[in-house]
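J.: Given only the sequences and the hints, what does the whole structure look like? Please build it.
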Amino acid sequence: MTQSPAFIWTIIVLLGIGTFLIRFSFLGLIGDRELPGWVLKMLRYTPVAVLPGMAAPMVLWPAATDGQPDPARLAAASATIIVGIWTKNVLASIGAGLVTLYAMMYLLG
Amino acid sequence: MPTTTMKSEFIRGMKGGAPFILVIVPFSMLFGVVATEAGLNLTQTMGFSFLVIAGASQFAAVQLMTDNAPAFFILATSLAVNLRMAMYSASITPHLGDAPLWKRAIVAYFLVDQSYAVCAVEYERRPDMTTAERYAFYFGCILPICALWYAMTFLGAVIGSSIPPEFALDFALPITFIALFAPMLKTFAHVAAALTSIVVALALSWMPVGTGLLVAAGCAMAVGALVETRMEARK
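Each protein sequence line maps, in turn, to chains H and V.
For the first sequence, the tail end lands on 110 under the numbering used here, and the numbers increase by one without skipping.
For the second sequence, the tail end lands on 243 under the numbering used here, and the numbers increase by one without skipping.
Because the hints were derived from the structure by calculation, they are not lab data.
Do not rely on the hints blindly, as some may be mistaken.
Straight-line distance between alpha carbons at most 20 Å, and here's what the computed DMTMM-like set of lysine to aspartate or glutamate pairs gives [said to hold, decoys possible]:
(1) H/42 / V/121
(2) V/111 / V/141
(3) H/89 / V/121
(4) H/42 / V/236
In this text, all values refer to a predicted model and were calculated from it rather than measured experimentally.
T.: See below:
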């Protein structure tokens, strides 16, 4: 990380304020006014719209291998997603990914 | 009499929140580890957990800072991860809306996935609760969750810098992202949104850091909503 402490703190404080305002929106500002249906519909998909797009390049082109696809990391990502869909459990999913990662790195040297 | 009712609601709330300790402890520790590995100092790492108090977006911000993305894109992407909380806020307003503004502000600060899940279910189940009882339950619920969130971030940050690179902790971050969205892939619309996000993000990876992801997220949200509408129409 090459940013200055001032930059890092700006991000932390603004992200804190923004996140608070999202949480405060209806409780404090909008009250019980209803949002249009299509807005609520899109909000439902924000996590599955943002997180896969963040993970995909990190899985295919990991910085630790200078952007070369790496069998251990691909296997770990696959295990994470399969166990996640199967168990619906975040921690089991992380565990499966890490175990696969270390097992593959051990086997492949 | 009212104080004992409040106390029992508070304890009931604590019991509701307690199972999430199993999730919060490793997850917040992981954030402490990842953030210090990425180069944040202890105060900055704690600043994240105190001021933002929203796991996935904290991880997202740290990742984009490591990529040296511009501030606007770091904020837009990380806040997009938290947009779902507007829904929580909307859904909990009918139950807690008639309390003083300062109390609602405190509720908003602590409105995380776990407190929302526990409290929304409880308020639906017991519609005869008074607003004061609902608040007592809410604060009981967040106590075990949020106190441990801060404490375990701290522990993770302290031990993080002593973990050697052989442990490939760079990959803890993508694994965490995948583990967060995989359990959400319950409907075809969610799967379609996730696939759109992946394809567009990869296709636009030549764009400046963060920008391609924003376009991908926008497309994916639209696809999710569109597929949902189509599926409803077919019923």
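J.: Which constraints among the numbered hints does this structure fail? Numbers only, ascending.
T.: Nothing - there is no hint that the structure violates, so all of them hold.
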